[in-house]
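Trainee: Take a look at the letters that make up each chain.
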Amino acid sequence: MDAIKNYLETMFSSLPDTEETRRAKAEILSMTEDKYNELIGSGMSEHEAIGKIISEFGSLDDLKESLGLTGEECVQAAEEPLKSDSVLFTGVPEAPNPPVEIEPVAERAHKSYGGNLRLVSLDEAKDFLADAAFSRFLLGIGVFFCIIAPAGPIMGEAFGDLFFGVFEDLMEGLGVMFLFLSVALGVGLIILSSSKMKEWKDIKKGVSIMDYETEEYIKSEKQALNPSRSTMLALGIVLCVCCVIPVTFFGIFSIIPFLSEGVGPSMIFVMVGAGVFFILNSSRLTDACDKLLKLNV
Amino acid sequence: MQEISSDVIRGYNDTIILFFLRKEPSYGYEISKNIKALSDNKYLIKETTLYSAFTRLEKNGYISSFSQEAENGKRRTYYQITEEGRIYYHEKCEEWHLTKDVIERFISNE
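Here the protein sequences line up with chains A and B, keeping their order.
Take 1 as the starting number for the first sequence in this note's numbering and just add one per residue.
Take 298 as the starting number for the second sequence in this note's numbering and just add one per residue.
Because the hints were derived from the structure by calculation, they are not lab data.
Watch out, some of these pointers could steer you wrong.
Derived lysine-lysine pairs resembling BS3-like cross-links, with alpha carbons at most 27 Å apart [stated by the list, open to error]: (1) LYS201(A) <-> LYS219(A); (2) LYS320(B) <-> LYS35(A); (3) LYS333(B) <-> LYS25(A); (4) LYS371(B) <-> LYS5(A); (5) LYS330(B) <-> LYS35(A).
Facing chain B, according to a computed beta carbon distance under 8 Å, are these residues of chain A, among others [as the list claims (entries may be wrong)]: (6) SER30; (7) PHE57; (8) PRO153.
From chain B, some residues computed to sit far from chain A (all C-beta separations above 12 Å) [as the list claims (entries may be wrong)]: (9) VAL305; (10) PHE316; (11) LEU335; (12) LYS343; (13) THR379; (14) ARG383; (15) TYR385; (16) CYS390; (17) GLU391; (18) HIS394; (19) ILE400; (20) ARG402; (21) PHE403.
Just so you know, even glycine gets a beta-carbon here, dropped at the ideal spot from N, CA and C.
So here's chain A without its partners, still in its complex pose (with noise of 0.2 Å):
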């Protein structure tokens, strides 16, 4: 019920504060209450409550006859802000402005989904934003994994060199079975981290909308996360850049077979599988943040 009563407080909040606007703005208010606990009662849960709610509600045009906002000129300029000059030459006050950021919302989601609408609440966006996180790191992890493989046969190489008979055999083999099993570890959580994202498709289709309040926490919080994503970003191109660094200097020591042939390009796989983890960890929040301000576009 909070997320209707700061719909309508956002709503009225470009209306002068009068009597008459507290008295509508009261009576709509009980107006929804009687509705929301008749939705509720019927067993809709109280996000689709919500949703419905908000996509059938009017616009501010329907009320500024009766709150004495009076005059083609209100209307006029709700419809067309950008010719405004006809309604200062006729002295009546200019219209204030119909909250924009509401409407289109509300109208949007009635055309479009005929009210069957969910409105994520401020502690659903988190949760949100917590597995999307999540969901990406497992990505990021998987996709580590992958890219290391290789690694497994070339030490394994290495260090079967080192020794002799079974002893080399075994290396090797360890080797290869490293790199179907980093492959396959990698794959897994590949589609761990895509099935954590599927109860959230609802929002990933916009058939979500937010309320006021919670596009204000994710615009700030988007806003915060800058920094680290930055920073997280340059990382990762730096760990894939510097990836040849080490065979180069290993290279040097072209006596020991094992870090020139072993080491050395093992590092390689790493070090790229590590940048790669970091390029697509920096931008988990800020995307999902992206993906919820898109919804009440």
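Using the hints provided, position chain B relative to the given structure of chain A.
Mentor: Leaving out everything else, chain B in the frame of chain A:
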């Protein structure tokens, strides 16, 4: 699905509301629920439209409002029809018969 255009029905929102108030005083949500039910879900009146109709009707003296506590203890604004409101309702009914008669002549199924 074809929806009712708000421009067309606007002139008759007042009549629709008075129709229910003729029988007994009522409050906002109950009226909107009754409109939905009697129109077989074809017309859903918006809260803002309903409220502005109430204020208009009250200003014209067709209805009066009073505050009353409902069974569940919630305080609601009830609206009741006045004598002028009844007269106005009948005028609007006459007007509708005429309107309907005229418009029907221009409606073709071809």
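Trainee: Hints first: check each against the structure and report whether it holds.
Mentor: Hints, verified against the model:
no.	hint	in the structure
1	LYS201(A) <-> LYS219(A)	21 Å, holds
2	LYS320(B) <-> LYS35(A)	22 Å, holds
3	LYS333(B) <-> LYS25(A)	23 Å, holds
4	LYS371(B) <-> LYS5(A)	17 Å, holds
5	LYS330(B) <-> LYS35(A)	9 Å, holds
6	SER30	6 Å, holds
7	PHE57	6 Å, holds
8	PRO153	63 Å, violated
9	VAL305	15 Å, holds
10	PHE316	19 Å, holds
11	LEU335	17 Å, holds
12	LYS343	3 Å, violated
13	THR379	18 Å, holds
14	ARG383	22 Å, holds
15	TYR385	18 Å, holds
16	CYS390	24 Å, holds
17	GLU391	25 Å, holds
18	HIS394	27 Å, holds
19	ILE400	25 Å, holds
20	ARG402	32 Å, holds
21	PHE403	28 Å, holds
Figure legend: structure checked against the earlier numbered hints; hints not met, in rising order: 8 and 12.
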